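Student: Chain residues, written in single-letter form:
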Amino acid sequence: MIQLKSVQKIYRTRNIETIALEQVDLEIKKSEFVSVMGPSGCGKSTLLNIMGLLDKPTEGEISIADTQILGQKDKKLAHFRNEKIGFIFQRFHLINSLNIIDNVELPLLYRNISSSQRRKIAQETLEKVGLSHRMKHFPSELSGGQCQRVAIARAISGNPDILLADEPTGNLDSQMGHEIMEILHQLNTEGKMTIVMVTHDEHLAKQTNRIIRFFDGRQVN
Amino acid sequence: MWKTSFIQFLKIIQQNKFFTFLNLFGVSITIMIILIAAIKIESTIRPGGPEKNNDNMLFIKNEVVVAEQHMSMGGLNFAIVEDYLAKMKSPEAIAFSSHTPWSFFGENGVEEFDVRNVNAGWWQVFDFEFVEGRGFNLKEVEQGASLIVIDEKVKNRFFQEKKTIGELIEIAGKSYKICGVVKEVPSNCMQAHANVFMPYSLLEGQGRDLMQPGDYTVIFLARDNSNKDEIKAEAESIRRKIEPLLDEGFELYLGGPDSPLSYYLTGWTNPHEYQGNARELLILFAKFLLILFLPALNLVSIQLIRIHERSEEIGVRKAFGATRIGLIKQILYENTLLTFLGAVLGLVFAIILVYGFESALKSTLFSDAGNNVNIQLNFGLFLISLIVSLVLSLLSGMIPALKMSKVEAIDVLKGGEL
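So the protein sequences, as listed, match chains A and B.
Each residue of the first sequence is one higher than the last, beginning at 348 in the working numbering.
Each residue of the second sequence is one higher than the last, beginning at 2 in the working numbering.
Looking at chain B on its own, in the form it has when it is part of the complex (with noise of 0.2 Å):
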């Protein structure tokens, strides 16, 4: 019976080529379009490189001195970071880190790097691919040692084949001797992206006022998901211990410690409007349903137009035996296929997108700067999608199926229409 309703149904999807397309259009542009914005939004979430372990860790980015007529909002103050947040127990490693270009005039005009001023904890962190060398110890950082880490292009600019490690290089006028050189970190790699890695400790003059922001990132290393409840109410405990030193009347809000998906979701902008992922999570979900349910609604309305153009095979059917519910198993069996082809062929297209137009599509998600961002289709989502659209052309499908199973076949057969 299945095998039959599937030849009938390649000759059905023949019948009218214009509404066929429609509908393998509708589906197939969809499900490819969700596809794509997950490689983006997975970019973000799950970079890979130096943070492909990031589901074990939690950040906090920013943080908001507040009072009645008065918020000061920014990176975390370097006072606590070094004075509180690293020294907390309870995280398995903890980086962190503040951020600053580093540009001079070279041969081919203004040449501009990325300097990370950083921890020792950074490399326990971060899963860093050495090529030469390696980081600077705790020891290291603390002594103040002139020790830097440089990525390839930063070798490939001033070494090329060279000997790197142990060599000298300047930067804004102070010399640094090389201790290790890393591969390039994907500029998707929010938090540990940067051409040159060197101690914090080098840095003179850091603001510990703690009425002002800074500009440092905190990355705490958890060991399991228990642990990271425990990193939260460590850091809890710390900013209730903070607030009371900041000048009467001000509050303290730290953003975080929230995992990449946490500050994806919410920006994380005001702590008043901060409700947590939840909300946040149910409104990216409505919008992936939205989305999938427009090639329903379009197949509702083309299967519409189909049943009045097969109003007269309905009445047949149903002459010679079709009962309801058969009718009603027919569409919906049609309609499921349909789907299915559709999401085939979007996975299709989404494979000769990312696979054939490789760089165009980098440069369209990430622009210029994202050449070295790794993107690859996530099948499971694939899967995901596939079976949303399915149960939607199910659900949509019912509308045609009931009114199909409806047609009276005398009224069709006396040669009038649904």
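Same shape as in the complex, but just chain A (with noise of 0.2 Å):
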């Protein structure tokens, strides 16, 4: 599903040259849940920036489902993020003057789909994370769970082959991260979605189907 041939990724200032990746091949397969693990700033959220297309590695080859990625324009890299990647932040990012099934709708808003069909995606959407009760709240009106759950209905609605979690845990408590990771288990294995999540957990890595440690920016397993 994701393939990486000799990814690099240097950030370059005027004075400073930095590797965030080196030499990067990776393969991630179809309907496998794979963490991804390593200390901060090893390269794992530049990894999964690059995966999702939101940033551009400085040299290598990226196809995903069978599509090579680099050279796309704008235009078409917008529209295969939006059909086929779905986004789940550590900050959930939801928009705050938007009430929940507005954000839930959010990547529906940009495929040609009428009002009443995105409506009720979206209705079917927040019903799978449990929150059909909340549609008219505002993210502010959320504890961090019930955020996370929107953000990964929101990831989820525009039914994507491969879901990119950056630390979907990382601001919720022991409990309220068991529940989001049911959560991504289940769409692993009944929706058959593709799941890239970086984490500092050793636990919850554990429970995915493949670890890949990254240190100074480099594959080491």
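Derived by calculation from the structure, the hints in this document are not laboratory data.
Please note that the accuracy of each hint is not assured.
Said to hold, decoys possible - From the derived model, a few chain B residues whose C-beta atoms are all more than 10 Å from chain A:
1) Q9
2) I13
3) K18
4) L23
5) E43
6) S104
7) E108
8) D128
9) M212
10) V317
11) F321
12) I326
13) L414
Claimed, not checked - Capping the alpha-carbon separation at 27 Å, the derived lysine-lysine pairs in DSS-like fashion look like this:
14) A/K352 / A/K377
15) A/K467 / B/K4
16) A/K431 / B/K330
17) B/K407 / A/K431
18) B/K242 / B/K229
As the list claims (entries may be wrong) - Using C-beta positions, here's what the derived DEER-type ranges look like:
19) B/E409 / A/R565: 50 to 58 Å
20) B/L305 / A/H426: 38 to 46 Å
21) A/T405 / B/I326: 24 to 32 Å
22) B/L305 / A/H532: 20 to 28 Å
23) A/K423 / B/D412: 17 to 25 Å
24) A/D413 / B/E409: 25 to 33 Å
25) B/I326 / A/E549: 37 to 45 Å
26) A/H426 / B/M399: 20 to 28 Å
27) B/I388 / A/H525: 36 to 44 Å
28) A/E406 / B/F26: 49 to 57 Å
This structure is a prediction, so every number in the text was calculated from the model and none was measured.
We put the beta carbon where it would ideally sit given N, CA and C, even for glycine.
Fit chain to chain and form the complex, with the hints in mind.
Tutor: As structure tokens, this is what we get:
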């Protein structure tokens, strides 16, 4: 599903050159649930952003769902992101001015779907994460765990093939973290979604199919 | 998509009410000021009342007799008017008048009325509304008949409800027979306004020395636009005919024939500086654009601040599939709606001012003399202002929109800002 070949990412300023990723070769299969681990600054999030087409590698090749990504134009990448990839962020990144159901509808706004159909899909998705009773609430009225469940609903409302989760439980207590992991496992097993999760938590990582470890921008296992 | 964008727009303007207020305030007050200023300009250019057909009128109000070391400037000389301009063939009708005040000591102290000395064509060129009687005709003017037309203000002052036609009235020691009563002329009808109208032939000792400007104004009624050109050409040929009659080395300039708009725009003070309307119209239009550009600038700065606030939202939208073009469209759509809302509010404010505080507005715009001026909003100008505002908001919106579209999702989602 995801293939990275000799991927390198270098951040350059006038005086300093920082290697964030170095010669990363990686393949993640369809419906695999992979966790990415490593110390802070080792390149985990950079890897996730490159897989999510939010960032471009300095060198190397990326193929997602059998499509070569490099060199594609902004419009095509945006459509690809919208159709194939869902994001979950550590800090939720819900839009505070929109209520819950509008937040969940967000990925569907960029598709050719009627408003009634969008609403229906968003409602069904919120039911999946157990928040159908909070549709009209605003993010500020929800707990951290509930916000992350909304963020998951938003990530999956467009039915993407790939879910990229950047420390999805990092801001939550263990109970809520456990609930979120249950949802992710369910999406992986029942929905056959490919999930790549960045985490610091060894315990959570062990629950996934595979652990990829990074150190100083290199894959170490 | 647009419906959803509209709902989101409503949510966004509620998000930071202070910025929304600043945006709406800038646009609405500007539109309101333009509409109110237009009332003032329109009341001069299209004053209504007897001058309601002034689209077909051309004026000559001034003349200048000029030599290298000498310049005399004033109204038109009586001889130029009576012997030349009043005999022009091309206009449909010709009116001329001079203006004199009439004051006397009455019960309430000094009372003042305006008197115009006019020709018979006066009643053809202007559209007076007669309450009683009629105007004087050519024969009566030529015979020097002591007839006058008064307005309702004079009637009410001297006759109240009594019969007026055929009654005598004394002005400056002479008696005149009233042959007509007209409705009071709004004070913004600068050419037609007076309380008393009498034949110019009753005036004695009018200056005929061509070297001295007088105090007459001539108004030509044209049949159509092509006739206006004929009138201008004939007036120019008359000027050329008169100029050799002046002392040697002197030139004659006539301030017209020109439209009310020309007079408003140029003022026509110095013939050497007179360059026609085009430049003045351009300056007026530039002022109009400048005024409308101010809220557009306001919009740019506020939107730039808003984008800073909305950087997280922009990052999320990009992550979930928003394209650069889509984001540019979104910000332009929001700008346009905000401007439209502000313009409608401006119209509402102007309507409230014009119809709710009419007398206060009139006294502000026209001083106390303006109480009888009819004022109304120019909805055509509102539409033009709205369109120009929307175009400017689209253009000015490009700056924040481009900045918004360049936001890298990854930067803001990692916790950074723009």
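Student: What hints, given by number in increasing order, does this structure fail?
Tutor: 1, 2, 10, 11, 12, 13, 19, 20, 22, 27
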